[in-house]
Amino acid sequence: MLFEEFDPLQGKRLQILDRKGKIVNDKLLPKIKKATLLKMYKTMVLGRVADEKALQFQRQGRMLTYAPNHGQEAAQLGSIAAMDDNDWLVLAFRELNAMLYKGVTLEQSFLYWLGNEWGSRYDDDVKVLPINVPIGSQISHAAGLSYASKLKGSGEVSIVYIGDGGTSHGEFHEGLNFAATYDLPVIVIIQNNQYAISTPREKVINSKTLAQKAVSYGIPGIQVDGNDPLAMYLATETARKRAAKGDGPTLIEAVTYRMGPHTTSDNPKLYRDDKEVESWAERDPMIRFKQYLIDKKYLTEKKDKALKENAKKNVLSTFKKVEKSGEVDLKDIFKYTYEKMTPELENQMRYYQNFLDKEGEE
Amino acid sequence: MAVTTILKAINEALDQAMEKDESVVVYGEDVGFEGGVFRATAGLQKKYGEQRVFDTPIAEAAIVGSAIGMSINGLKPVVEMQFSGFSLPGYNQIVTHAARFRNRSRGKYHLPMVIRMPYGGGVKALEHHSESLESLYAHIPGLKLVIPSTPYDAKGLTMAAINDPDPVIIMEPKRIYRAFKQDIPDEPYEVEIGKARMVKEGNDITIVAWGALVREVEKAMKNLDVDAEIIDLRTIAPMDTETIIESVKKTGRVLVVHEAYKSFGPGSEIISRINEEAFFYLEAAPRRLAGFDVTVPLPKGENHFIIKPKQIAYEVKKLMAEKA
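Protein chains in written order, with the numbering used here: chain A, 9 to 370; chain B, -11 to 312.
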C-alpha cells in the first residue's frame, strides 16, 4: 500500500516529520517504542559528535582520512532501527550511525579510520560486514547473505547501503537483478546525498529519481525524505515485512545531503555554494528529531545537553585510547591471508623478521 | 573404481559433496536446468532441487558477490564462470572482496567458496573462449588456484576445494574434459591443495607443466632418449616449491611448459624461485616454453599458438645440449 501510494514515477516523496519536527502525515506515523526512539537519538548524538571530533583530530594530524556522516544520520538510523537484531547490515562507507546502532563500537570505527584492520573485526555477535570501499559492489553480498537465510529458513533480512554515485555502477544493476530474481529478503537503501565526491547527481544520472530504478527489477521503490527518521523508519519497516513474507527486495531512496566533505581529503567549497549548504542546514535531521522527542516529552533540553556532554567525553576518551593502541603485530599482517600460512608466506615473514632483528626499524 | 573422464569426475565430486553436505550449493549461467554448457553439473538440479542448484542471470560479478555473502552466512557455494575468458566481470569481486575478507576482518569472516572455470585453448572456439589466465589469479594474495590434469585429480581437487575454508579457483582444462579415461575410486577423497604430482621420476631434466599440457609433455618424451622428471604442478597457488627445487637440484636442468602468456606468466615465478634456491645446481639456463604474448588466435591460426609435443621435444633437446 505504502509503496503504491508513494510512486516515485508520480513524483511522490514520503515525509512524516517536516524540517521543524511537526508531524505532517499523522495517519502514517509509525509506532516506535520509546526505548527505540531514544536509542536512535542517542546514537545520532554520538554519531554527530564523533564526526565533528574526527574531523578535528584529522586536522590536528591525529587521524588519517575520514568520511563524515553529518547530515545523513536520519537516513541511516531511521532505516536500521526498523530492522531486527538478527538481521544483517552491509555497508558502503558512510554509515557510522547505522554501524553504531547495530553494535559496532566507536573504538572499532576509530581504529579502522586510523588505519588498522582490527577496526573491522567486529564482535562475534555483530552481524555487520566490514566497510565496503569499492563503489557499488556490496549489493550482491547482501543478496548472498539473504540467499543463505532463505535456504536455511533463518528469517534474517539484509539491509545494504549505497550512495547515489554507487547507483551508476554496473554492479548496482547486477546485485538488484540478482536479489529480485530470487525474491531475496534484501532492503537496499540509497543514501542520495546529492554528490559523488564533486559530481552532482543530476550531471551523471539521467533518471528523475533513483527510486524509480526499482521498476525495472519488478520490485517496489520509494523516495523518502532521508532527513526524516520517522519516514525512513516506516519505509524500512514496510520493506522488512515484505522481505520477511518472501516477497523480495525493496529499493529505498533516502534524499539527504552531505553537509561535510566527501572525505577529509576533499574541499566541497570548490564545487558547491554556501547558499545550497545553508538551505540543507535548515533541514538537519537532528533539529526535527529532537523537536519531535521534546514534543512527545521523551526528551528535555537539559537531558539533551547531558547527552551531548556525555557523547563528547565518550568520544574523547575512546579516541585517546585508540590513539595509544594501534601497534601492529607483524604476524597479523601475514597470518590472516589464509587459514594456514603458506610456506611462501612463512618464508617472507621470516625473512623480514630476520631483517628487523639484524638492522632494526627505520 | 570406475573408469571416467575429467568432466565426469568433476560432476561426481560435486554430486558427492552435495550429498554429504547440505550447505553446498552449485550455480552459474546455464548450470541448473541444462547442467552447464559442458555438462559438468548435469543431473544435479534434478537430484538436489532448484534451491541448491540453479541458473543465474549473465552476471559474473553478482555470481561471485553472492557467493561471498552465502559463504559468510553458512553455505559453501560452488560457482561456475562459463569460460575463464568471461570471468573478468567477476574479477572485481574475486580480487577486491573474495581474496581479502579473511584478512580485512581479521578472521571474523572467511569464505569457503569455489569458483570453477573451464580454461585453455585447442578446442577451436570463438574469441574469449581460449584464454589461460593463471597469472591473474595466482598473483593475488588470499586466493588459491588449482588445475587438475587427470580424472583422479579432478575429483580429488574439487572435493578438497569445496572443503577448503578459503576461496579456491579451479581452472579446468576443457580441451581434455573428455579426452581420456582413468579408473578412480567411487568413494569421496581429497587431493591435497598445494602439493604437486610426480608424474614420472627421472635424472636428466625437470619438466614442469599442468593442465592439458601434462599429457603433451608425456607424449613428447615418449620417443626421446632423455630421462626426464615430469612434475604436474596441480596447484599453481600456493605453489609446491619444494618438489620443484628438490627435482632441479637432482637434474640441473628445467623446462617450464605452459599455455599462459610467456611474459609475467607462472613460468617466470617458477624459474625465479629456482634461481633463488637452486642456482648453483643448474647446469643450463632454465627455460620457458609458453604461449606467445599475443591474443590467442582464432581457430584458423590457433595451431601456431598451441604448444605441441614436437615443440616440447625441440626445447628439451636444446636444453640437453647446453653445457654450463
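Rather than coming from a laboratory, the hints here were simulated on the basis of the structure.
Please note that the accuracy of each hint is not assured.
Sample of chain B residues with no beta-carbon within 12 Å of chain A, all distances over it, derived [what the hints assert, rightly or not]: (1) Gly31; (2) Gly130; (3) Leu212; (4) Asp215; (5) Glu265; (6) Tyr269; (7) Val282; (8) Thr283.
Okay, derived cross-link-like pairs now, DSSO-like style, lysine-lysine, Cα gap no bigger than 27 Å in a straight line [claimed, not checked]: (9) Lys160(A) <-> Lys188(B); (10) Lys210(B) <-> Lys96(B); (11) Lys96(B) <-> Lys329(A); (12) Lys8(B) <-> Lys343(A); (13) Lys188(B) <-> Lys169(B); (14) Lys160(A) <-> Lys296(B); (15) Lys296(B) <-> Lys158(A); (16) Lys313(A) <-> Lys277(A); (17) Lys158(A) <-> Lys96(B); (18) Lys30(A) <-> Lys313(A); (19) Lys41(A) <-> Lys311(A); (20) Lys96(B) <-> Lys328(A); (21) Lys329(A) <-> Lys28(A); (22) Lys339(A) <-> Lys183(B); (23) Lys343(A) <-> Lys96(B); (24) Lys34(B) <-> Lys160(A); (25) Lys329(A) <-> Lys339(A); (26) Lys311(B) <-> Lys339(A); (27) Lys8(B) <-> Lys207(B); (28) Lys332(A) <-> Lys96(B); (29) Lys96(B) <-> Lys207(B); (30) Lys61(A) <-> Lys39(A).
Examples of chain B residues toward chain A, derived with CB under 10 Å [said to hold, decoys possible]: (31) Gly23; (32) Arg27; (33) Ala50; (34) Ile51; (35) Gly62; (36) Thr84; (37) Pro153; (38) Ala184; (39) Thr229; (40) Glu230.
All C-beta atoms, glycine included, are put in the ideal place defined by N, C-alpha and C.
Here's how the hints hold up against the structure:
Look at Gly31(B): its CB is around 20 Å from the nearest CB on chain A, clear of 12 Å, so calling it non-interface holds up. Chain A draws Gly130(B) into its interface by the beta-carbon criterion, the shortest separation being 5 Å against a cut-off of 12 Å. Listed as a non-interface residue, Leu212(B) keeps its Cβ farther than 12 Å from every Cβ of chain A; the least gap is roughly 33 Å. Its beta-carbon lying about 28 Å from the closest one in chain A, Asp215(B) satisfies the requirement of being farther than 12 Å from that chain.
Its closest Cβ contact with chain A, about 10 Å, brings Glu265(B) to no more than 12 Å, contrary to its assignment away from the interface. Here Tyr269(B) stays apart from chain A, with its beta-carbon at least about 19 Å from theirs, past the 12 Å limit. For Val282(B), the non-interface assignment is confirmed: its Cβ lies about 29 Å from the closest Cβ of chain A, beyond the 12 Å cut-off. Chain A leaves Thr283(B) outside its interface by the beta-carbon criterion, the shortest separation being 24 Å against a cut-off of 12 Å.
A distance of roughly 47 Å separates the Cα atoms of Lys160(A) and Lys188(B); the hinted pair therefore is violated under the 27 Å criterion. With a C-alpha separation of about 51 Å, the suggested pair Lys210(B) and Lys96(B) falls outside the 27 Å cut-off, and the hint is violated. Among the hinted pairs, Lys96(B) with Lys329(A) is consistent with the structure: their alpha-carbon atoms are about 23 Å apart, no more than 27 Å. For the hint linking Lys8(B) to Lys343(A), the alpha-carbon distance of about 30 Å lies beyond 27 Å, and the restraint is violated.
Taking the CA atoms of Lys188(B) and Lys169(B), the gap is near 19 Å; set against the 27 Å cutoff, the hint holds. Under the criterion of a C-alpha separation no larger than 27 Å, the hint pairing Lys160(A) with Lys296(B) is inconsistent with the structure, at around 50 Å. The suggested pairing of Lys296(B) with Lys158(A) is violated, with an alpha-carbon distance near 50 Å, which exceeds 27 Å. Taken as a hint, the Lys313(A) and Lys277(A) pair is broken in the structure, with Cα atoms around 31 Å apart against an allowance of 27 Å.
A distance of roughly 22 Å separates the Cα atoms of Lys158(A) and Lys96(B); the hinted pair therefore holds under the 27 Å criterion. This hinted pair checks out: Lys30(A) and Lys313(A) have alpha carbons roughly 22 Å apart, not beyond 27 Å. Between the alpha carbons of Lys41(A) and Lys311(A) the distance comes to roughly 19 Å, so the proposed pair stays at or under 27 Å and holds. A hinted pair counts as satisfied when its Cα atoms are at most 27 Å apart, and Lys96(B) with Lys328(A) qualifies at roughly 25 Å.
Restraint check: the Cα-Cα separation between Lys329(A) and Lys28(A) comes to about 38 Å, which exceeds 27 Å; the hinted pair is violated. Restraint check for Lys339(A) and Lys183(B): the C-alpha separation of about 25 Å stays at or below 27 Å, so the hint holds. Taking the CA atoms of Lys343(A) and Lys96(B), the gap is about 13 Å. The hint holds against a cut of 27 Å. For the given pair, Lys34(B) sits about 20 Å from Lys160(A) by alpha-carbon distance, which is consistent with the 27 Å threshold.
For the hint linking Lys329(A) to Lys339(A), the alpha-carbon distance of about 23 Å falls within 27 Å, and the restraint holds. A threshold of 27 Å between alpha carbons decides the hint, and for Lys311(B) with Lys339(A) the separation of about 44 Å lies outside it, so the pair is violated. Only pairs whose Cα atoms come within 27 Å are accepted, and Lys8(B) paired with Lys207(B) is rejected, the gap being roughly 38 Å. In summary, the hint linking Lys332(A) to Lys96(B) is supported, as the alpha carbons are separated by about 24 Å, within the 27 Å threshold.
Annotation: proposed proximity of Lys96(B) to Lys207(B) is violated, straight-line Cα distance about 48 Å (limit 27 Å). About 34 Å separates the Cα atoms of Lys61(A) and Lys39(A), which puts this hinted pair outside 27 Å; it is violated. Using the Cβ-Cβ criterion of 10 Å, the hint placing Gly23(B) at the interface with chain A is not satisfied: the shortest such distance is roughly 20 Å. The beta carbon of Arg27(B) comes no nearer than 24 Å to any beta carbon in chain A, farther than 10 Å, and the hint placing it at the interface is violated.
The criterion of a C-beta within 10 Å of any C-beta in chain A is met by Ala50(B), whose closest approach is roughly 4 Å, and the hint holds. For Ile51(B), the interface hint holds, since its Cβ comes within 10 Å of a Cβ in chain A; the closest pair sits about 8 Å apart. For Gly62(B), the interface hint holds, since its Cβ comes within 10 Å of a Cβ in chain A; the closest pair sits about 6 Å apart. Using the Cβ-Cβ criterion of 10 Å, the hint placing Thr84(B) at the interface with chain A is satisfied: the shortest such distance is roughly 5 Å.
Contact between Pro153(B) and chain A, as hinted, is supported at the beta carbon level, the nearest pair being about 5 Å apart and thus within 10 Å. Checking Ala184(B) against chain A: minimum C-beta separation of about 13 Å lies over 10 Å; hint violated. For Thr229(B), the suggested interface contact is upheld, since its CB lies about 7 Å from the closest CB of chain A, less than 10 Å. For Glu230(B), the interface hint holds, the least distance from its beta-carbon to any beta-carbon of chain A being 7 Å, beneath 10 Å.
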